[in-house]
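K.L.:
Sequences and hints are given; from them, build the entire structure.
Chain residues, written in single-letter form:
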Amino acid sequence: MTLTLTLRAEPPARVLAAPLTPQRLRGLNASAVAALSLRCGGETVAVGDLFEVSGAGTEEDELVLAGDLRWFDGIGARMSSGGIVVRGDVGSWAGSEMSGGVLRIFGDAGARLGASYPGTRVGMTGGETVVTGAVGEEAGAGMRRGLIAIGGRTGNGAGLRMLAGTVISLGGIGGEAGLGNKRGSLASGRALEPLPSYAYATRFCPPALRLQLLRARELGLTVPDAMLSGSWSRWSGDRTELARGEILIFDEEEEGE
Amino acid sequence: MSGYALGDTAVDDTFAEAFPMRYARVVITAATTAWALEAAHSMTGFATSVIGCKCEAAIERMLAADETPDGRPGIAVLLFAMDREGVGKRIVERVGQSVMTCPTTACFDGLPGAEKTAALGQTLRYFGDGFQASKVIAGRRYWRIPVMEGEFLVSESVGVGRGVGGGNLVIGAGDEDVALAAAEAAADAMRGEGIALPFPGGIVRSGSKVGALTSKSMPASTNHQLAPTLRAQVDETLVPDGVGALFEIVIDGVSEDAVRAAMRRGLHRAAGAGATHVTAANFGGKLGQFHFPLSDLRDPP
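So the sequence lines, in the order shown, correspond to chains G and F. Position one of the first sequence corresponds to residue 0 (numbering that gives the first Met the number 0), numbered consecutively onward. Position one of the second sequence corresponds to residue 0 (numbering that gives the first Met the number 0), numbered consecutively onward.
Calculated from the structure, these hints are not laboratory results. On a predicted model such as this, the values are computed, not experimentally measured, just so you know. No false leads were mixed into what you were given.
If you want the footprint, here are the derived chain F segments under chain G, 3+ residues with CB under 8 angstroms: (1) 60-72; (2) 129-140; (3) 146-158.
List of simulated lysine to any residue pairs, SDA-like, C-alpha gap at most 25 angstroms: (4) K208(F) with E183(F); (5) K88(F) with S254(F); (6) K181(G) with Q131(F); (7) K181(G) with Y125(F); (8) K115(F) with G99(G); (9) K115(F) with R161(F); (10) K181(G) with D128(F); (11) K181(G) with G149(F); (12) K53(F) with K88(F); (13) K181(G) with G129(F); (14) K208(F) with L286(F); (15) K115(F) with Q288(F); (16) K181(G) with G127(F).
For every residue, glycine included, the Cβ atom is placed at its ideal position computed from N, Cα and C.
P.N.:
Now the structure itself:
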């Protein structure tokens, strides 16, 4: 039986939701989950005061969070296995430093999606995150491994100091994408002006990106067929680092052909 | 040799003798079915017998776009060798030389989740000369090897399973063209999931025996007992009266059941396609772990 947490009402302050990971809730029944505490502003509140809890935490099922969770930060942060499905918008730091599992957000997400926490170098090191809506700034900052796939537009600074891994944003990526990127891949479904430290290489249909787009589709993202078989421009960078990273930009002209 | 009849076809009371082998399945995809076939034909070329080619390989089946990892048309290829090390060496050689070189292809593990694996992209990546990169997608690692066309995408490793090699049918008729037509029909019926027919067109005309009468160094030589031209020359001939040509179909499969089912399909199709005689090759039952008596195949599939 799926463990479902449905938001009762908007919380009085921002909530750190990082403890709500499948591995920490595994084996707990609804009342045990409701008794867990979360930080809300400067206070501690019970999960049951914020959410209506139903079901139980099992190894097989996903944790479902439902409601407008824009005041909830760190959803799925440091998760290592299992799955979280969010039906609604989420705050910042979702999936930060996660190392495994699947985080699916059917809504928008705030800043620093899958990124590193302040003071640490490495962000997401594994797993998959899908966001159907738009995402804030610096998605995938410090990312080392894994996949972030975004249906909407992603804010500025995506892939900041990225080590490796992949950030795909079908709705386009904001400015200063991939600053300090070593080996990571950024893919933008809309036009993008790369930083001067990136150099144009070629146009091609990247086979690995095709596989990643198919995987994102499997996880619930709507991926146009044209992006699967169309050509993408490859820009190599960041030349201030190893220049082994890439920005792939979909050739929109072909989409309508 | 006594046996039974399927219509006008005499079936010997004998058995096919087969051996344990290890196998891998790779899925080759390409922009078009034609290019996937080019790669598959090249990869499975000169892979008829472990004795002479170090492995046995064949196309298993065509795959529709919705059956492949990257949504493009594909071909499933089975490759058999005597052990996992052999599978590992041959798969790297053949994917490296025949698939990576072929325009538009990608190559995927066709046995995901297998307990045992052999390196593929993990080894081939060095062709990228330091410019290669990897991606972990849905828990599986792939290597992106930059090539003149763009990139070759290949699975890090392939699963290695336990299979059966050397199942066989020997199909004969009075005339060569009738015998060949019956063998072709049988081969068509035997192909399918889990089955590789490694010889040209699935058919071998030069079936062999272990060793040789005239040499101690020859690992194999012609099956003189089944050579029609020697019928009057050797005392121990096994060519029945009225049979002018015989063809063997060697069957490698992913399991004993898969081989048995393929043999049953082939036997009944051959009988319906003009074969007057069907037998099987064995080594007296002393060498192979798996025995497939033709008497077990009497009921149609």
